[in-house]
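So you can see what is in the structure, the chains are spelled out below.
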Amino acid sequence: MIWGVLQFPGSCDERDALHACEVHGDGVRLVWHESRDLDGVDGIVVPGGFSYGDYLRAGAIARFSPAMEAVAEAAAGGAPVLGICNGFQVLCEAGLLPGALLRNVELRFRCHQVDLVEEGSGDVLSIPAKHGEGRYYAPEEMLDEMEAGGQIAYRYAEGHNSNGSVRDIAGVTNERGNVLGLMPHPEHAVDPLTGSTDGLRVFDRVARVRA
Amino acid sequence: MTVGTPKHRELGLTDSEYELIVEKLGRDPNDVELAMFSLLWSEHCAYKHSRKLLGRLPTEGERVVMGPGENAGAVDVGGGYAVAFKVESHNHPSAVEPFQGAATGVGGILRDVFAIGARPIAILDSLRFGELDSVRSRHLLDGAVRGIGHYGNSIGVATVGGEIYFEEPYEHNCLVNAMCIGFAKTEDMVRAAAAGPGNAIVLMGASTGRDGIGGASVLASAELDEGDDATKRPTVQIGDPFEESKLLECCLELLAKGLLVSLQDLGAAGLTSSAGEMASAGGVGIDIDVARVPLREADMEPFEIMVSESQERMLAVVEPARVAEVRAICEKWQTGSAEIGTVTESGAIRILRDGEVVGEMPVEALVDGCPLYDLEPAEPEGWIYGNRATLAEGAAPEEELLALLSSPNIASKRWAFEQYDSIVGSRTVRRPEQADAAVLNLPESGNAIAVSIDGNGRRVACDPYAGTIEAVLECAQNLACVGAEPLGLTNCLNFGNPEKPTGAWQLDRAVSGLADACNALGVPVVGGNVSLYNEGPEGPIYPTPVVALVGEVPDPSQVAGSGFVAAGDAIGLIGPFEPNLAGSELTKQRGHLDTGLPQPDVANVAAACAIVREAVRAGCLASAHDVSDGGLAVAIAECAIAGGIGCDANVEHLRERGAQPEEALFGEGTGGFLVSGDRAVLEELGAVLIGTVGGEQISIGAGDRSLSLGLDQAREAWSSLATRV
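Protein sequence lines, in the order shown, are assigned to chains A and B. Numbering-wise (the working numbering), the first sequence opens with residue 1 and increments by one. Numbering-wise (the working numbering), the second sequence opens with residue 212 and increments by one.
For reference, chain B alone in the conformation it holds in the complex (with noise of 0.2 Å):
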């Protein structure tokens, strides 16, 4: 600590801040309400500069069971069961730490969704690094995949789907989401507000120690420093998926038995915020006794007991006469157990240790006192990031189809998702990479879901508004190809420093594209999680909405893969696709990034998604596939890849939509469906025919852009990834 340093700016918190903590107060706060506040007051918990603009987007819907701000949000999937899910950053830890960094983010992102009482059923995680020719990269690359599957294979929860993107704005400044789905019966999924002065506080699972103190505020939500990798080390949390595989079982349990009055999980904050927010949910206050909390380490001040972000951990709010048959629940599961305060009815948390007060403070200045800020947005001028050539100009279009399928943006994943038990559960209808969305079975309900992420940083760099809102036609597309129909989305907004004009400016105008594109398909977001501060010297990362969409599928049996299938069958677009070489994966190679895209018409693309979901649900397609990074012609090698089969196409007619040859096989944009089947059926759907599936080549006709390349080359290239990992 820099001598001279007021201890409240050391912790995060501006000179305002703390005189307005004063005021609330009504006192100076001592050391341990002013660790409290700063970690409630941190952008990480308070959301202080994203919550104005986050009202913005539509939350209701028919289908809402749970909607933001509850631990995860949740839809009705029929049958009296529903479906919960959620996405969260853990970004700054990952960069520090790879491999706990991810595996943590993983276990928190499954208390989020068995604290609401779902059980999780699979696993879903959007990565972005530097570029794949850096060996810091690769070490984060490396550390999060293996830090994923060992928390989720250990844990039994299927991972089932993701993207990774590698672009060097990320260089210093990974990016790691976790995505959850739970399943449960409606009427047993509980809340997180405390209620009954009088009911005892319950903490479950793993011993408290000084791992992760800090975190949220000296971590989170400052930006990171070179050099930081070492001395930032001890507040990243180490994770043990065993102790948690006992603790969802045991709450899981403790719930199906109605034991619980409420439950909710410790992640950032630790104990400070899942107090603070189950007092403030339920409008009581709680008193805490850091005495009865079972430590690892015994000298433990108040201060880091109330912050430790130790794993594996659950608050429970337990009626007094039930606690003896709690803890023995506890016990059977092998499960630590404390009745460490109870529910009051003061209004206040106060934090005690062996009886006598050690801080005492209003739940509505702790949790919701902090104050939120407008952002100050300015355009910047022209295009801010860098721009690397990769790509000769004038390379033959053999040469650029082969670039493109061997980016690692584009080329399978499979090096990556084999370390991943994507079938855990018996729900997987399709694994990763058979199909656009991720499909699992639901028999308790009698029908099934599809899921997908996405986020494409550069482009929405190119167009914040624009972008985002191809970030969401993507999902919808991706879901459309499954039979899948839209019934929430959750999002995780990971941006740069929102204080700057410009990180302020991409943040405000993502936000209104999800809202708009939302809106305009009448998907309600049903949670969210925003990372902020990804910015370092050199920079901010691309902006990055991750955005999951969760859709239902009425039957799983007619499940469309995305590989071509049988000679013969005719291969069809349909949608309004206009591709444009702006922010594409051609155009970053050659190096000519700008600012910049097309305005994407999300009406027609939604009419497009409903044409492709309703033919995939009556079983008329043979394959689907939305045309998405690389353009038209590498889906067209995809589909040819994944079914093993070649293909004759030719997408010259895309010129009346105003595309050269280069544009129609290379360009990007939203609303383009391949799909291939019997040439009739195609046609009634209105899809344009380009081509035949059969052979061992693959073939487009592009004018003098024609070209044609060996199954076998195509493969080789796209399955590139693992030999350069």
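Isolated chain A (complex conformation) (with noise of 0.2 Å):
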């Protein structure tokens, strides 16, 4: 599988995601916000950091860029697309995703290990969270849609949901399951040097939806 990350001016993790995506798949290539190309990845994703400063609102301006243009394309397509932290931003004000992410109920960004638990499994993920604007929210009836839909991909594990998210959700997927977003980093995760290697599960997961 060959990855592409997206590179917004302000990206901070790109690199963390590229070394992530190297070590998962068959190969890794940058995506300049300007391009519409996707040069022919079979996977997306939209990194973590604080693209155009996150000025206005986290999200709202990378949302309008060409690139974002041709991943919503390929998303429509079915092509697997995983947003991390910024990249879960993007995703939302772009409407890839229901719901939006609003400051951390302590208004402070933090930074820390948090447990994941994927639905539907119940396994439990160690991955660094780090985010002042983490809180997830969506209307009553829209979670409960998303809910019967089996949208929610992972909540913090009881004690770990610091940012004040709605029924503890970390991560999410839209309808039809090949667009994913969380706020925790699995691209963090990939190497028992710096911490675990539980993030390899969520781009196995993301991954699977290619078909």
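No wet-lab data here; the hints were simulated from the structure. One or more hints might be untrue.
[Claimed, not checked] Derived SDA-like pairs (lysine to any residue); straight-line CA-CA distance at most 25 Å:
(1) 543/B with 103/A
(2) 624/B with 103/A
(3) 543/B with 38/A
(4) 543/B with 30/A
Join the two chains into one complex using the hints; note that each chain is given alone, in its own frame.
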């Protein structure tokens, strides 16, 4: 599987995502935000950081980039798309994922290791989270529909929901299941030397929808 | 401005300095020239009260790639790679506006590092505030921590370590020292010397506004008076990490493509210092036309443009034929660029406006012409700082240990460091508080580095010479605990007024201590920064030499943590630790601080560092932690809390080293390592066995001061900072 990693001005974690994709897949390419050509990649990572300085609102400007237009087309065609942190915010702003990310309930940026429970399997993944605007929110009826449709991908384990996300939601998918966004950073959990390798499970999950 | 006061005095120049300028120019300077001289001849830029002392420091070593005088120092880490690092103060701006002061402190130190072609990979910070029960201190702490996080997190450089101390003398002069570590292919690194007359001077990055005008001379080189917070606010710079993120990527791409002759950041004194220093280093002249500088406000005067400290700007020398290519890459990164001048053979800095000369000064006079002063040191009589008792005499040892663990100087700084992204870049092998030093993986060169930053001002106040040696040794011990061998040292000397005898004496003694410690350890000083005049009507700060050591870790998979690991492991003490209550946290809490510290035994501490370093590298130790603030009892408790497991220890054998039970528990001093692991291995290392890991209690035998505390109770005290900020 060949991954593509978007790069916006102000992206921070794109090099980490490149590394993670190298570990996980068969190759990886960096996609410049002004490019409409995804260069034939099989799956896309919209990485973390502060695209366009997060001015106006996190992810609000990046969603209008030419590369995101290409991502929307690819997603509509069923391509796997993984949005991490700022990438999750961009995908929500772009309407590719439901809901929105609000400021953390304590109004502070926080960087710490969290336990995530994978919906369905119940497996627990140890992955770092680091954000100031990661409080997932969606209206109740929408959340009910998402739960019924299997769109909740990950929840924070008990005691690990430090940002105040509704129903402990850490990651969600679109209806079709090929677009996944989450606030914690799986690309920072691919090497035992720097913490854990549980992040690779998230890449696996996204890669599996390619068919 | 006071009516009748000559302009040069308002700008911080003495009458004799002004006369020297007139002599060097052969005429009176005009306003543009006076503004530029006043900044480059300020303490902040010219080091006029410290440069003579700094000549004592050893600066050479086999691994040194760049030494003092460059934007940052750098050491060879093997495989054709180098690690660059520098620490710099942003104390005065942070005392006025902590969020922007700290944020731009980070922004500035990042630019110093990428100016030499190194990609910033980590930030550390060293902060000092007044006591935590002061509203002002909590305000400054909150602002500074948010500011560091805002800038570092947004630009994507991991903040991997640091330290915070709270002491009354910093109440009105907080310290915000930021350090940046960069990584580069040695052959790609550049120096900041302008070269090639006819080459273009290109200003890149943000446009130039009125922010920060006069920061260097008006802010950083005069004592803060009461009521300055409001009047000095306009001179504090405003940071924009997004702008810097683009500028950083742009500069690194330009350097990688070999398009720049040289590169320099714009920091204190803005265009004036960067152009002046580039011309001086290259032995050339520079013409700058201020009409070509992109401005935020149209009506700026030439002197304002030349001294503006607007952030996120870099100055490059470019061959004329490559200017178009350079500007195209700037455009790709959506960062501004303008060709504002040329390199000349004149040996002069000429400032023009639309071609008309508005200022002209010989580079030599402007950059290197400032007189250097000798200090007039005199040792003060007795303890010149206050004492405040917060812990009753005769408290039970358990109560004393809890008071120390909950001291904001010792308690966990999790509240602060969790506000920083400590992992971006995927190099962080040891996150804050997981080990004594931060460890950063360098897969490119096949090894890792460890970094530690330290400087306990209270102990330096007790004895500036011994206290500074201790600060260096503390860093060396921190590195040893993760198996690292020191490669180079940088420092930031935060002191009071050097024109006063006490300030001069503290600075003089501290620099001697720094020099002696570095010589004894064989560690070169590759750079440094000086922040003087940290005093107000209430008196000076504690003299605070913040030192930072970078060391090499051959194999990052062999790095010990600080916490106890397994029940049944033996606990040992390694090194020439001779506990003494002088200058200790306990003595502070009892309100008994006074002058004097025991003199450190540097050679034996260095030998102990080598033993621990080799043992860690060989994977022999389960844990390693140095004995520091709060003494052995606190070190034991910290290892137990970090590991989530108790212990049964006995420190009575320290009686053989002349320590009474109380000193054995809470006395401080250099050279102690608390390690755990296999009993036979520890014995072989020459460790004194003092206990066993296990259980839910922290029990420490110390004669009539023996104590036992529940692990949960200790953890609660140590974790209490978040609820008190």
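Hint check:
1. Note on residue 543/B and residue 103/A: the hinted pairing is violated, with a Cα-Cα distance of about 31 Å set against a maximum of 25 Å.
2. For the suggested pair residue 624/B and residue 103/A, the alpha carbons sit about 23 Å apart, so the restraint of at most 25 Å is met.
3. Restraint check for residue 543/B and residue 38/A: the C-alpha separation of about 19 Å stays at or below 25 Å, so the hint holds.
4. For the given pair, residue 543/B sits about 15 Å from residue 30/A by alpha-carbon distance, which is consistent with the 25 Å threshold.
Violation of the numbered hints given earlier is confined to hint 1; every other hint is satisfied by the structure.
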